[in-house]
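So the sequences go chain by chain: A and B.
Under my numbering, the letters of the first sequence match residues 249 to 387, in that order.
Under my numbering, the letters of the second sequence match residues 96 to 197, in that order.
Mixed in with the good hints there might be a few duds.
[Claimed, not checked] Under the rule of at most 25 Å between Cα atoms (straight-line distance), these lysine to any residue pairs were calculated in the SDA-like manner:
1) 150/B <-> 344/A
2) 176/B <-> 354/A
3) 176/B <-> 327/A
4) 344/A <-> 296/A
5) 328/A <-> 150/B
6) 321/A <-> 299/A
If you're looking for bench data, these hints aren't it; they were derived computationally from the structure.
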Amino acid sequence: MSEAINDVGESVETGESAAGKVKKFMFINRKSPYGTIYALESLEVVLISAAFDQDVSLAFFDDGVYQLVKGQKTQGIGIKNHSPTYRALDGYDIEKLYVEKESMELRGLTTEDLLVPVQQLSRGELSKLIDTQDVVLSF
Amino acid sequence: MPMLHTVNKSPFYTYTLESCLDRAREGSAVLLIEDGVYSAMRGTPIERRMVEAMKKLAIYVLGPDLEARGMTYDRVVSGVKVVDYGGFVDLAAQHNNVQSWL
């Protein structure tokens, strides 16, 4: 993975445009939205990655699917509600959002409960997709 | 009154809830806070565990933590009581001691 990141760094330094070497980046989100800082950190790195014109996709499984639940109202806990940002991703050309069906079902969730359009994949399909990535970043 | 237990972890992420429920003594109370509130939702395998636990324990869930996570009150397992911060304070005051399961 570190090698892959160096590659990106070099291409930026040498001014090579994304047209030269577009890589497939996948961000894996497995944590609930407010229990840890991971969800927010992931979102920030995803937004940064949008500036590099790479092929970015986001996968949500395990408790990560909770990040996308609609109707989050955080006034009561005094923490910033970062969930509206997922709706803005589409404006940065980040449109590939995947949720794992098994994780959704275990938690009694359906795609109707989510705040953005997503593609729901089975565990096997998602694993296969992760295997095709050039860079995988886990949160 | 006996112990007030608080659980702040998702039941899908750690074993904390089980650990607490297996040890909490009859007549004590369990308050689900932070990511612990996911344990109070209907339609999960944890629901049955909650219903079972309520035979010997009183189960509460913190409303503001539900709302933050987009979990509406109508999705809470029946019998689990939703409390606000004032209710949290009352529970702490009513019980002899508080055990935080982290």
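Consistency of the hints with the structure:
no. : hint            : in the structure
1   : 150/B <-> 344/A : 45 Å, violated
2   : 176/B <-> 354/A : 23 Å, holds
3   : 176/B <-> 327/A : 24 Å, holds
4   : 344/A <-> 296/A : 16 Å, holds
5   : 328/A <-> 150/B : 37 Å, violated
6   : 321/A <-> 299/A : 29 Å, violated
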